[in-house]
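When you line the sequence shown up against UniProt numbering, it's residues 1 to 426, in that order.
The hints are simulated quantities; they were obtained by calculation from the structure and are not laboratory data. One or more of the hints may lead you astray.
Once the Cα atoms are required to be at most 25 Å apart in a straight line, the calculated DSS-like pairs of lysine-lysine come out as [as the list claims (entries may be wrong)]: (1) Lys201 / Lys310; (2) Lys201 / Lys251; (3) Lys102 / Lys61; (4) Lys103 / Lys79; (5) Lys197 / Lys251; (6) Lys289 / Lys198; (7) Lys242 / Lys201; (8) Lys198 / Lys242; (9) Lys289 / Lys251; (10) Lys242 / Lys289; (11) Lys310 / Lys339; (12) Lys216 / Lys307; (13) Lys339 / Lys307.
Quantities reported herein were computed from a predicted structural model and do not represent experimental measurements.
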Amino acid sequence: MASSSSSFLLHLLLFLFLSTTYIPLSSAHNITRILADHPDFSTFNHYLSATHLAAEINRRKTITVLALDNAAMSSLLAKHLPLHTLKNVLSLHVLVDYFSAKKLHQITGGTALSSTVFQSTGSALGMAGFVNITDHRAGRVTFCAEGSDVPVAFVRSLREIPYTIAVVQISAPLTSDAAEAPTPAPTQIDIIDLMSKKGCKTFADLLTSGNGTAAKAFESNVAAGLTIFCPIDQAMRAFLPKFNKLTAPDKMAVLLYHGVPAYESLDLLRSHSGPVSTLAATTGRTTKKNYRIDVQNVGSVVTLRTKVTKASITGTLVDEDPLALYTIDEVLEPRELFKPAAKAPAPAPALAPEADAPAGPKSKKKKETKKKKTTKPEEVPAPTPAGPEGEPDDMEVADQNAGVRARVRHCAVAVVAAVAALLVMA
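Please model the complete structure; the sequences and the hints are all you need to start from.
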């Protein structure tokens, strides 16, 4: 009996040890990619991106998307709602809780009330941003917006990542007078005038120089979503001598490099790390270069890195969908145009004091020979070649994950060995 118990315990410990060798990495989700696998939902997918809801969905960690197929979206689009109003309607279809198909059919008490992204935006009055979920008999589940008497039915589950995101199809759009109510369009902002008045006049003047092509590129992207990182005057003036040596196309690339063709709120930047594309790569320029910026955050500080320079966000001028405008303390120099600063060579070792010797041709020659050998400079290592343009530094992450796994594995081995020794002694 003792032998059987010991054997069971050893097998259990070995199982636990093997389990520790696998540590899952972050299970980030991407609603655009999920829906791309379902062509019947292409219209819904398109408008999630057009209204910037896709980024909001990807940022959240516990969420349920009530997806509409192309036929259901046609009935919604037939109302000809402005884009900002359509965003409110679609945000009502994003529940800020996780409801898998199984959970929907096992609701305690048969009903549940869930908040939505529409409610969290503050645009919904009272409880207008809530959705009632009802589990009927015979496996039928319906959804109904608060204040509405038109329920829609659960059809099927499209994708589930347990306790993170569930994407389920519903039969028709949720109806809500509050969500469909007319809302004012985003205020038209003169971004050049704003930058000039808020400490970024040098950068603003460069955008409007010549025929103002750079300024026009920024302004034409505002409606679809735009984030601008504006270097303060002090940083821009220090960079001007280097800027003035560039060709006209490269000057344009540097200016456009400070714009991201998407609305990135400060909260989103603080919760997101990784590369983002810029206007330098997407605005009317035939180039194979990536022109990306690497966003990093520590606490509330957001840092932008280019492998040549790094800058921190120092202020917010505008942060209202579809436009975000931030001041930064350094100019962003793309690695495609500038080289990283070379590391300073290590100092040569100090010369040992030499003993006095009689002056003579032989002695002098010996001294010179010795001096040459002693003062030979150390070879400066060649800079490490950069990786593919725009590629994030994933090796550091991989090394950290490997280190964690190794430590867990070593601990598990120690536990197994200790228990085995105790069993043998017993």
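Structure versus earlier hints, numbers of those that do not hold, lowest first: Hints 4, 6, 12 contradicted; others consistent.
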